[in-house]
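My request is simple: use the sequences and hints to build the entire structure.
Taken in order, these protein sequences are the chains called C and W.
According to the numbering used here, the residues represented by the first sequence are 627 to 1078, in order.
According to the numbering used here, the residues represented by the second sequence are 343 to 771, in order.
Calculated from the structure, these hints are not laboratory results.
Treat the hints with care, since some could be wrong.
Here chain C is said to cover these stretches of chain W; the calculated rule only asks that three of the stretch's residues, wherever they fall, bring their Cβ under 8 Å from a Cβ of chain C [said to hold, decoys possible]:
(1) 427-436
(2) 492-503
(3) 587-599
(4) 644-656
(5) 662-673
(6) 694-707
(7) 714-726
Backbone N, C-alpha and C define an ideal beta-carbon position, used for all residues, glycine too.
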Amino acid sequence: MRLKYLLPVLLAAGLTSAALANPYETTLKNGLRVIVKEDRRAPTAVQMVWYRIGSTDEVDGASGVAHVLEHMMFKGTPSVGPGEFNKRVAAAGGRDNAFTSRDYTAYFQQVPKEKLEDVMQLEADRMRHLNVDAKEFAQEIKVVMEERRMRTDDNPQAKLFEQMNAVAFQAHPYRRPIIGWMNDLETMTAADAKAWYETWYVPNNAYVVVTGDVDHKAVFALAEKYYGPLEGRALPARKQQVEPAQEGTRRVTVKAPAELPVLIMGYKAPVLRDIDKDSDPYALEMLASILDGHDAARFNKKLVREDKVALSAGIDYDSTVRGPGMIYLHGTPSEGKTVGDLEAALRAEIARVQKDGISEQELKRAKAQLIAGQVYKLDSMFGQAMEIGQIEAVGLPYQKLDHMLRKLQKVTAAEIQAVARKYFNDDALTIGNLDPQPLDGKPRRPAVATRH
Amino acid sequence: MKRLLTAAIALLISQVALAGVKIEHWISPSGARVYFVESRALPILDVQVDFAAGSMFDPEGKSGLAALTRSTLDLGAGKFDETAIAEQMADIGASLAGSADTDRASVSLRTLAARDKREPALEILKSVLHAPRFDADIFEREKARTIAALKEAMTRPDSIAGKAFWAAMYPNHPYGRQATPDSVSGLDRDDLSAFHSRYYNAANASITLVGDLSRADAEKIAEAIATGLPKGAAAELPMPPTAPKWGITQLAHPASQAHVYIGLPAIERGNPDFFPLLVGNYTLGGGGFVSRLMKEVRDKRGYAYSVYSYFASLKQTGPFQIGLQTKRSQAKDALKVAREVLTGFLKNGPTDDELAAAKANLTGSFPLRLDSNKKILENVANIGFYGLPLDYLDQYQAKVQAVTVEDVKAAFARRVRPDNLITVTVAAD
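So this is what it looks like as structure tokens:
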């Protein structure tokens, strides 16, 4: 059947996703869940293995260990030598990599469909049999330090973001950078990485997502064959960590070699915990789309194009995270404008929503983009696997993705105005400011005082 | 391992017969080259229009003109002002994208394929291509934003290194000229209009359509796009670049990491040396985690997170480039290792095992290059813009398979001469 005719049905309100079996799911006896989404458009497949473990599960003094372990996962098992994992995936015509976030660590391979079995075997092997060799670790930790230099130390915006979060969160582990503080990397040992692996890398803390030109029953059988024999083990209790309420605006400045200042305003915000009962996160998602969803959305139209107070301005809000949520407003002031001017302009845009709300036309537009986006996402096999994996990583069921979409479609203009009034609260605000420094250390332009 | 590879290759050869993508090609009545792939699985239409209007066509002293023309193109056109363009596209869930590189300026549209969606989207696309306004106030605003971005880039070690690298590789060719705050501030809106009139014409265009569309509709859409373009001739290429003399540029910067580039002008699109270079470079530095550079620089010594090499074949002789970033105090050591790897490779080429591994990956991963409309569009637009054979994708795996160790050595010997290598370091102690 051509998908075209299916889509209107998929998107129709009121229909439960249970009517469609795809994606398919099974749980092995050891607790490993296997989720398969069949997509027969091209003879390829994606395997992703997701571990419910990220930098948020680290402790002080060992920041970055989740990410370091991700690197070590390529360093071999008793049956697959160091570097051999990549070699075998490459020989199979595949591409592979991995990524670590605050909330999860994930590994993936994109392969011609005939090679899915090979990479399932490889992932199953390293799920329980990794060697954390001290010599390999000694080299790899240097690589991670170079990664930190590249991504953060020499990247002024990234440094600002790191400092912002360190200030916005005081108790919650989101205050630590995913890549880890440099000093923690310097003192980390192979034993630290090994302990992390032994504690968290078990089938009952993981799930496998496969998308592509595959038969779900065949994938389940392969999963049973390769992952089935691995033993599950009880996980340590994870205590919920709650960030204490913020009671006043916080400010942080980072000086770094750069030309342009950067402003980030981060407000504490709710996130999705219950797909059915929650409503504010949906309204905030739609607000973000109205402010920054296209080139003539409010921020770009008013701040960049009309008033020319900013070279760029945007909003970031992710409603699906394990920890506390934040809404970030960010931008760079135009030449002759200060971060203070930009801050005032961003505040004025929020105030406009608080006072006058948004138009039905704007809301309709944001919803039209959302619907089209659901069609476009089907063009990427990898994107579909990512979507399932990410939502599961924060403890929300992928079966309800369609329901989330329907909830977004039902958001009203009044709800958007209400969340704008509720969450852009100065007491829950952290402001970060990149203060650009000349490369040669000599002052380039007079320092400009910021407001407040 | 060896047995595993042989098995992999045997299986792959049997797949070579599988057809890749069926490309239909014709010349529209107005003279544009059109490339069409019908793909009915998803209700999506992608259209990309490419012009030979990249920065290589910037007039002397007006560096940045091609890029600014492209970025201002969709900020007001025909009866649509910039707000109407963005809002009406969003209303139907469509979007415009594209940019200018050294060779080409691209405008692409992604829209739902249903007639009531695609028609208004195509209406806007045509206006943008046919009648950009280049309004004075918008032009001034975009100019200021471009200058600010260039100033920012001039503080970044990677940008500084990249600009110096291209300038040193192409001392007498437009590829070596870079937009600067000065060159951009000298531009006026008439420059943009003139550039558009000269280069955004049908004879200078290739139009690629991929998606849920009939051939008859594709013909109509392509001609409607082509017929409204300015009249004119295809772009004339400058004299091809000449090889630079061996040289090293060392620039100071306070960054914690040094950026190191090594390379030279190497190959143009469509040259038969491309396949031996592609296969050989997989072993040298193209094969991600399994390349020699990765093994020596990253795995064995922990010098860098990222180290790679590639050939970027362009309209005219495009570069071969090795790149890495490393703690500034060990830049000399890392550079030495990278040079040794290159020298060793130039001398002996890949081993038989390495060659087999390269072929297994390059042929085996072929389906991954074409498993979405987006990827098909990119591949077919490249074939169209660079005038590659229509069966380029069908032949790809066989051409990779045919490469021998001797082919690799000979092609590298022709294309990567040590006497012509340029090295640039930024922030190295």
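These are the hints, each one checked on the structure:
no.	hint	verdict
1	427-436	holds (count 9)
2	492-503	holds (count 5)
3	587-599	holds (count 5)
4	644-656	holds (count 5)
5	662-673	holds (count 3)
6	694-707	holds (count 6)
7	714-726	holds (count 3)
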